[in-house]
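In my numbering, each residue carries its 1-based index in the sequence shown increased by 6.
The set of hints was computed from the structure by calculation and includes no laboratory data. Only a predicted model underlies this, so the values are computations on that prediction, with no experimental measurement involved. Please note that the accuracy of each hint is not assured.
In silico DMTMM-like pairs for lysine to aspartate or glutamate, Cα to Cα no more than 25 Å straight-line [unchecked claim]: (1) Lys119 with Asp71; (2) Lys22 with Asp111; (3) Lys204 with Asp136.
Okay, the calculated beta carbon distance ranges per label pair [as the list claims (entries may be wrong)]: (4) Ala176 with Lys216: 26 to 36 Å; (5) Ser113 with Asn144: 42 to 52 Å; (6) Thr108 with Gly24: 26 to 36 Å; (7) Lys216 with Val115: 32 to 42 Å; (8) Asp45 with Ala176: 41 to 51 Å; (9) Asn77 with Lys178: 35 to 45 Å; (10) Lys216 with Lys183: 40 to 50 Å; (11) Asn57 with Thr108: 14 to 24 Å; (12) Lys216 with Leu21: 44 to 54 Å.
The C-beta atom is built at its ideal place from N, Cα and C for all residues, glycine as well.
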Amino acid sequence: MKKFNIKALALLGTLKTGDEPSNTDELIDDLFRHFNEYDISTEKIRLANLNLPVGLLEKMSDGDDWPRLANAIREADIVIFATPIWWGGQSSLIQRVIERMTHFDESYVMTNKSDLYHKVAGIVITGHEDGVQHIVGNLSNFLQWLGFVIPPEAAVYWVGEVGGGMNGDADKRRQNKATKAMIAVTARNLMNYAMLIKNHKDELLAFQEKHFARVGTRGGTEATMS
Numbered sequence: 007m008k009k010f011n012i013k014a015l016a017l018l019g020t021l022k023t024g025d026e027p028s029n030t031d032e033l034i035d036d037l038f039r040h041f042n043e044y045d046i047s048t049e050k051i052r053l054a055n056l057n058l059p060v061g062l063l064e065k066m067s068d069g070d071d072w073p074r075l076a077n078a079i080r081e082a083d084i085v086i087f088a089t090p091i092w093w094g095g096q097s098s099l100i101q102r103v104i105e106r107m108t109h110f111d112e113s114y115v116m117t118n119k120s121d122l123y124h125k126v127a128g129i130v131i132t133g134h135e136d137g138v139q140h141i142v143g144n145l146s147n148f149l150q151w152l153g154f155v156i157p158p159e160a161a162v163y164w165v166g167e168v169g170g171g172m173n174g175d176a177d178k179r180r181q182n183k184a185t186k187a188m189i190a191v192t193a194r195n196l197m198n199y200a201m202l203i204k205n206h207k208d209e210l211l212a213f214q215e216k217h218f219a220r221v222g223t224r225g226g227t228e229a230t231m232s
């Protein structure tokens, strides 16, 4: 089987710390198994185990883990945003990442160079009740403004039945055929787009330099893709 020089990073937004079992965590592992078949490098970072202070700068304090996380995002070809549903929205940890990633956008506007162009984004969501479409819409809007490529069918999700407790959710998710199918399709599409970009990056840069160098950014300066 052909191997590809692609790196995938998953940002796990579960509120559970340490190695506590998480439906969202397991769904990432299911997705990564498809990546591993093609020897794609994978890394998963559990945000609840990091120190991510409130703020918009790349480094807010000496103990801030954001610079390390930001570098991991820069080095990845595929970035997965994985979150449980809390009251119809993404987790507070994924929201914190969104806020901290503002410095990427500000740097792009000020320097004309984006660290996030040519990166492919995917979404993983789990929850006990509805809220998937709302979160996919929110995250996709944010990601496309920052320069990520979002392939078709690039989201995996599972939600439980309305009402009742969450006991048994994990077993139901593991047996859900639709979720298994989404995992396979999402993995295929993320890998496909990442490979296309990786294999044609020089052509993309040359085309952009020739035709769009003076289009400009939202800040009114000329745009450059890294």
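Lys216 paired with Lys183, Cβ distance criterion 40 to 50 Å:
holds (47 Å)
Hey, Lys22 versus Asp111, does the alpha-carbon distance stay inside 25 Å?
Distance of about 29 Å is beyond 25 Å: violated.
Assuming the hint says 42 to 52 Å, is it satisfied by the Cβ distance from Ser113 to Asn144 or not?
violated (22 Å)
Quick check: does the Cβ-Cβ distance between Ala176 and Lys216 fall within 26 to 36 Å?
Since the Cβ atoms of Ala176 and Lys216 sit about 52 Å apart, the hinted range of 26 to 36 Å is violated.
Assuming the hint says 41 to 51 Å, is it satisfied by the Cβ distance from Asp45 to Ala176 or not?
For Asp45 and Ala176 the Cβ distance comes to about 29 Å; the hint is violated.
Can the suggested window of 26 to 36 Å be confirmed for the beta-carbon pair Thr108 and Gly24?
holds (29 Å)
Taking 44 to 54 Å as the hint, is the beta-carbon distance of Lys216 and Leu21 inside that range?
Given about 47 Å between the Cβ atoms, the range holds.
Pairwise hint evaluation, Asp136 against Lys204, where the allowed Cα distance is 25 Å at most
Distance of about 36 Å is beyond 25 Å: violated.
Distance restraint between Lys119 and Asp71, which requires alpha-carbon spacing of 25 Å or less:
holds (24 Å)
For the range 32 to 42 Å, tell me whether the beta carbons of Lys216 and Val115 fit it or not.
violated (23 Å)
Against the range 14 to 24 Å, how does the distance between the Cβ atoms of Asn57 and Thr108 compare: consistent or not?
About 18 Å separates the Cβ atoms of Asn57 and Thr108, which means 14 to 24 Å holds.
Does 35 to 45 Å hold as the CB distance between Asn77 and Lys178, or does it fail?
holds (38 Å)
Hints 2, 3, 4, 5, 7, 8 from the earlier list are contradicted by this structure; the remaining hints agree with it.
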